[in-house]
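Student: Residue numbers (our numbering), protein chains in the order written: chain A, 49 to 207; chain B, 49 to 490.
Keep in mind that the hints were calculated from the coordinates and are not lab data. Idealized CB from N, CA, C, for every residue including glycine. Be careful, since some hints might not be right.
[Said to hold, decoys possible] Label pairs and their computed distance ranges (CB to CB):
{"no.": "1", "chain 1": "B", "residue 1": "Arg-333", "chain 2": "A", "residue 2": "Glu-143", "range": "17 to 25 angstroms"}
{"no.": "2", "chain 1": "A", "residue 1": "Glu-139", "chain 2": "B", "residue 2": "Pro-448", "range": "22 to 30 angstroms"}
{"no.": "3", "chain 1": "A", "residue 1": "Arg-148", "chain 2": "B", "residue 2": "Ser-483", "range": "17 to 25 angstroms"}
{"no.": "4", "chain 1": "A", "residue 1": "Arg-148", "chain 2": "B", "residue 2": "Glu-85", "range": "21 to 29 angstroms"}
{"no.": "5", "chain 1": "A", "residue 1": "Glu-139", "chain 2": "B", "residue 2": "Glu-85", "range": "44 to 52 angstroms"}
{"no.": "6", "chain 1": "A", "residue 1": "Arg-148", "chain 2": "B", "residue 2": "Asp-194", "range": "33 to 41 angstroms"}
{"no.": "7", "chain 1": "B", "residue 1": "Lys-208", "chain 2": "A", "residue 2": "Thr-190", "range": "47 to 55 angstroms"}
{"no.": "8", "chain 1": "B", "residue 1": "Asp-51", "chain 2": "A", "residue 2": "Glu-139", "range": "17 to 25 angstroms"}
{"no.": "9", "chain 1": "A", "residue 1": "Arg-196", "chain 2": "B", "residue 2": "Lys-462", "range": "43 to 51 angstroms"}
[To be verified] One-sided and incomplete, this derived list gives chain B residues near chain A with beta-carbon spacing under 10 angstroms:
{"no.": "10", "residue": "His-222"}
{"no.": "11", "residue": "Gly-375"}
{"no.": "12", "residue": "Arg-416"}
What follows is each chain in one-letter form.
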Amino acid sequence: MLSDTLISKFDDVIARYPLKRSAIVPLLLFAQDEIGHISDEAIEEIARRVEVLPIEVIEDIGYYSMLHRQPIGKFNLQVCTNVSCQLLGGEEILEHCSKRLGIGHKQTTADGLFSLEEVECLGACCGAPAMQVNYDFYENLTPERVDRLIEDLKARAEK
Amino acid sequence: MSDYQSYMKGSPFEVKVISARFSLPDSTSIDTFLAHEGYQALAKAFQMGPEAVINEMKNSQLRGRGGAGFNTGLKWSFVPKQTDKPKYVVCNADESEPATCKDRPLMEYDPHQLIEGIIIAGYAIGAHQGYIYIRGEYRYLMEVLDRAIAEAYARGYLGKDIQGSGFDFELCTHTGAGAYECGEETALLNSLEGLRGYPRVKPPFPAVVGVYGCPTIVNNVETLCNAPHIVLKGAEWFAGLGTPKNGGTRLFCLSGHINRPGVYELPMGFPLRKMIEEVGGGIPRGKKLKSVIPGGSSCPLLTADEIDVPMDFDSLAKIGSMLGSGGVVMIDEDTCMVKVAQRIMKFYAHESCGWCIPCREGTAWLKRLLDRLHGGAGVTGDPDTALDVSYNILGKTLCPLGDAAAMPTISIVKKFRSEFDEHVRLGGCPYERKSAAVQAAR
Ligand SMILES: Cc1cc2nc3c(=O)[nH]c(=O)nc-3n(C[C@H](O)[C@H](O)[C@H](O)COP(=O)(O)O)c2cc1C
Ligand code: SF4
Ligand code: FES
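Model the full structure from these sequences, guided by the hints.
Tutor: Here it is, written out as structure tokens:
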């Protein structure tokens, strides 16, 4: 079931556009934020509300890299390796995360806590090397900072 | 949130126009904004009338800060005056050009400046609805903007009959969900219509046929943030800040091998050498500079001998590169340029929307070629093949992403040819060997 807050947000967002289908991508992202991924139910609901076929919603999901159909970890570590980050060790940060968590690009740990993703420029180039955990930015990373962050996130999950 | 201290380190060379309010306490609130000239330009625009605002913008020599550098006032003047259709203002806050992180502080520290710029744009072209298309990764900024928009509505700066002017304007944010191509203006419009972000054939240009088939202007965040200052202080003042045909200042994002990475507001035409040595504090660990990306990864790279250049659109074009999006990346002597080319191509191959063949196939081909070359399996003809493939993309694609992939590649292969040949000769990367040798000696 989609929550009432989410449904009322849907109504809010749809009302912003002269054409309802404009709301598809924002709605998908908001649904994903709540559910953790994009469920079949969310697709049906969004399609119904913006008056398109479910397949049209699914087409969009395939295009946008932040949208995913399968559940991922509670904390999605998105490490930038684009040029500004690469020059300052972005690849080493990615490698370090991978070793530390025992997972590769677009994989999730068995406990469902962490996912790892190599991503393109996050717009944090002046704080390179940078990553995002879900929507939060972490910049000027070193392997030690990453270790501490992972410990912090684990502790946060236990609470 | 971004760490203010790490992004805005400040420099005595800065000329603060659009970043002037960044350091004020509570800089995002409408009260702070109103206490520091906020929404005064809007009142002045209402007195001037739309035509005069557009003229002022034209004369200011403000050129688009999204990358292409088109005269903003001129773009606004292309919107038809007589039409039954509604018109739209779309703010491009997709900020995805690698090495660019300037729209972020503009939205984070002074959201009302952007809102005021958008309303002025709407008034000038006769639009009553605006959208801020913001990349999905910038969720916290969407919240900052949503709060600021709500404040502006509450105080009568948005909505019906703004400040008794008789002018109505609605504004809201819209989020993307991860796709570089959606920064291209026509792809962005498709995305805003709920479609995949494939570009449209131009002409017609968005000013005539844009979102929902209606006249639309698409402008970058930084571009729109300049509008209030131009209206308030005049075109002449603004043009005088920069160089001929390049008005105003620019937020330059200094990144890579530089002592003081950060975002700095400098006058248009600021000398690149001085930017690197004095604003950025030079190259770390006393290393020599090897190359500079002058304006985001789509621009042809410069060698260390080419940095005596004023940073404006025309001067960079003259030396065969581009000012682009303001992302300036310093690359030191220890860096493998084949690897730089490889990483840049990996990005374009990943982001190619696949609509046209030269870009889709060409970027994938180049990526494989550069992977192989850097990995040590390159053959003698590879550097020439890289050039050949690049020239078969250049100018042959539907949108400029193809060019954006080809141009840096061509410049790197041509300017750093010996490094490519060295990879072929050695069957591997000389820089990786060097650093492995250093590690082993430790
Ligand atoms: C592949 C591609 C990506 C682009 N990404 C952006 C972007 O992220 N932000 C932006 O403002 N302009 C971007 N542009 C430029 C836009 O197409 C457009 O020129 C710009 O939004 C116009 O605004 P301006 O005149 O204010 O610069 C991109 C262009 C291309 C070809
Ligand atoms: S140039 Fe590339 S990104 Fe642009 S339309 Fe063609 S395939 Fe798509
Ligand atoms: S290159 Fe990594 S955040 Fe921009």
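Student: It remains to establish, for every hint, whether it holds in the given structure.
Tutor: The hints, checked one at a time:
At roughly 22 angstroms, the beta-carbon separation of B:Arg-333 and A:Glu-143 lies within the given 17 to 25 angstroms, and the hint holds. The hinted range of 22 to 30 angstroms is satisfied by A:Glu-139 and B:Pro-448, whose Cβ atoms lie roughly 28 angstroms apart. Between A:Arg-148 and B:Ser-483 the C-beta distance comes to about 22 angstroms, which sits within the given range of 17 to 25 angstroms. For A:Arg-148 and B:Glu-85, the hinted distance range of 21 to 29 angstroms is not satisfied, since their beta carbons lie about 49 angstroms from each other.
Against the hinted window of 44 to 52 angstroms, the Cβ-Cβ separation of A:Glu-139 and B:Glu-85 comes to about 45 angstroms, which satisfies the hint. About 36 angstroms separates the C-beta atoms of A:Arg-148 and B:Asp-194, a value consistent with the hinted range of 33 to 41 angstroms. For B:Lys-208 and A:Thr-190, the Cβ-Cβ distance of about 53 angstroms falls inside the hinted range of 47 to 55 angstroms, so the restraint holds. Checked against the hint of 17 to 25 angstroms, the C-beta distance between B:Asp-51 and A:Glu-139 comes to roughly 23 angstroms, which is consistent with it.
At roughly 44 angstroms, the beta carbons of A:Arg-196 and B:Lys-462 sit within the given window of 43 to 51 angstroms. The closest approach between the C-beta of B:His-222 and any C-beta of chain A is roughly 6 angstroms, which is under the 10 angstroms cut-off, so the hint is satisfied. Proximity of B:Gly-375 to chain A holds as hinted, the smallest CB-CB distance being about 6 angstroms (cut-off 10 angstroms). Below 10 angstroms, beta-carbon pairs count as interface contacts, and B:Arg-416 has none with chain A, the closest being about 18 angstroms; its hint is therefore violated.
Hint check: violations occur at hints 4, 12; the rest are consistent with the structure.
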